[in-house]
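First to last, the sequence lines map onto chains A and B. Numbered according to our numbering, the first sequence spans residues 1079 to 1366. Numbered according to our numbering, the second sequence spans residues 1079 to 1366.
Hints are not guaranteed to be accurate.
Derived DEER-like restraints, expressed as beta-carbon distance ranges [what the hints assert, rightly or not]: (1) B/1365 with A/1240: 54 to 62 Å; (2) B/1093 with A/1188: 30 to 38 Å; (3) A/1173 with B/1245: 19 to 27 Å.
Okay, the calculated bits of chain B under chain A, using three or more residues with CB under 8 Å as the criterion [claimed, not checked]: (4) 1178 to 1189; (5) 1220 to 1232; (6) 1241 to 1249.
On the chain B side, residues computed to face chain A include the following (Cβ under 8 Å) [stated by the list, open to error]: (7) 1145; (8) 1215; (9) 1216; (10) 1237.
The set of hints was computed from the structure by calculation and includes no laboratory data. Keep in mind it's a predicted model, so treat the numbers as computed, not measured. Note that CB positions come from ideal geometry on N, CA and C, so glycine has one too.
Number of protein chains: 2
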Amino acid sequence: MKVVTTVQEMEALSDTFRRDGLRIGFVPTMGYLHEGHISLVRESAAQCDVTVVSIFVNPVQFGPNEDFSRYPRDIERDCQLCRDAGVAVAFIPPVAEIYAADRSILIEERLLSTGLCGASRPGHFAGVCTVVAKLFNIVNPHVAVFGQKDAQQLAVIRRMVRDLNFRVVVVGAPIVREPDGLAMSSRNVYLSAAERQQALGLSKALALAAEHITRDIRSTVALTATLRKFLQDGYPGILEEYITFVDPATLAPLTDLPPGPVLLALAAKVGRTRLIDNALLDVPTLQP
Amino acid sequence: MKVVTTVQEMEALSDTFRRDGLRIGFVPTMGYLHEGHISLVRESAAQCDVTVVSIFVNPVQFGPNEDFSRYPRDIERDCQLCRDAGVAVAFIPPVAEIYAADRSILIEERLLSTGLCGASRPGHFAGVCTVVAKLFNIVNPHVAVFGQKDAQQLAVIRRMVRDLNFRVVVVGAPIVREPDGLAMSSRNVYLSAAERQQALGLSKALALAAEHITRDIRSTVALTATLRKFLQDGYPGILEEYITFVDPATLAPLTDLPPGPVLLALAAKVGRTRLIDNALLDVPTLQP
């Protein structure tokens, strides 16, 4: 595996891959890799000849009171995991290689970014779009794989690719969970043992929603109230930020669930740690 | 010459050019071509194997009270001019081919776009950046040629290419003028004979500034006052919008002209028509 730290070297490598007729898969990450990230690498490897993983904790997508400086980092372990997973290139640029001191360009998404996490994280998705566009131009991949865990990010990136005509196939890969159901996240390392127990409420709430939907409940007001009560009663350590049912492509909130795929997205604080989780629910047609 | 109206066909052609090892030059235009545009094509032809010209009156870069609907159009004449100039592909997409009805991505530039024309045209440069990024992704050129006539646009595009890591060499080509000095512009067709006479004041003011600079005048307050008086006295049909001396790369306004290149940019209304002009002045070191 090649470890690359400069834009110029990454561009040259990508040119070489293209010249050799190789299909380039790309997995952008902020590092501190876990099994979720590795599943994205596997998805890329299944579709492409070479996989590039970027590891870059992007300062522009963190708010001033967020965890940029304490975000967990372990480059050596990340490199070992990438090597073991058959990654061809780990692109690990320093911040100054990516952002000029007088940078002044930002890519804004103005419909899908406003709700869900965007409501409490102003500027977050502009930071995500901007860095992903830069990485797309540097890595020049055929395919890019993103986790369904960050469902809003995935929808926003799909929108950016469409609206800016990026020639990248965006693939969403399923959430990977711990055996007890907790969605894998680099931020799980922040949780104390007690907090980790409380955090299980999120995945259990998703399962509860799926169950209620099979019982023909379609009102999102009713469903949300049920989930909220479930969390308050069983998981008082969870401070809910949102429980929202939306259209998976447009992220438009739903009042009654239509048949077909629906995204149930949750965000909450457990202690100081902000966690998100979601499920793509396949809503069946109502029985007559 | 191929005339292409769909994104898909343009992408396929561009892929073919690349596969054949051809260097692609790109000249984005809003059509109603004149000798200025053709000079950009010649510059592209000098540096590349094939030249793509896009003709697209971009609605997103026009303000609500601007001239989008009456902007002059003559596609047949444009195609003939492109053919005569040896253009390989004219890319002429309809608006719906470029913008989805629910488009929600905009590229914002926040430093260079605020002054000069940006001050009176909010959203203009976001519209320019967005469409140029899209066209870069669709046409995938090695080189893109822009006119120095739109000096602020050229600086903003250079900034976008740098800040988003587009792999396109941006070339600025000199202003082309009518024999009497008027900078060529598709909007000159709006001018009545009397207005056209008045419009000559702009290029004459640029020449006057150059002359004063050779006389060791360096205060932009003094220079601006001189130019303003010159226009008011000799060209009362010119309604000045700005007369500004700036750094050509950062567009930061200057109070005293440093030695080296300085951009003098003018904007004015003549009747209903908004015109711009500029000169890159090479300021000599002061005599001791």
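Evaluated hints:
1. B/1365 with A/1240: 54 to 62 Å: Given range 54 to 62 Å: holds, Cβ gap about 59 Å.
2. B/1093 with A/1188: 30 to 38 Å: holds, 31 Å
3. A/1173 with B/1245: 19 to 27 Å: holds, 21 Å
4. 1178 to 1189: holds (count 11)
5. 1220 to 1232: Coverage by chain A is violated here, the residue count being 0 at a Cβ distance below 8 Å.
6. 1241 to 1249: Holds, because 5 residues of the stretch 1241 to 1249 of chain B bring their Cβ atoms closer than 8 Å to Cβ atoms of chain A.
7. 1145: violated, 25 Å
8. 1215: holds, 4 Å
9. 1216: Nearest chain A Cβ about 5 Å off; hint holds.
10. 1237: Status holds, d = 6 Å.
Hint compliance for this structure: hints 5 and 7 are broken, all remaining hints hold.
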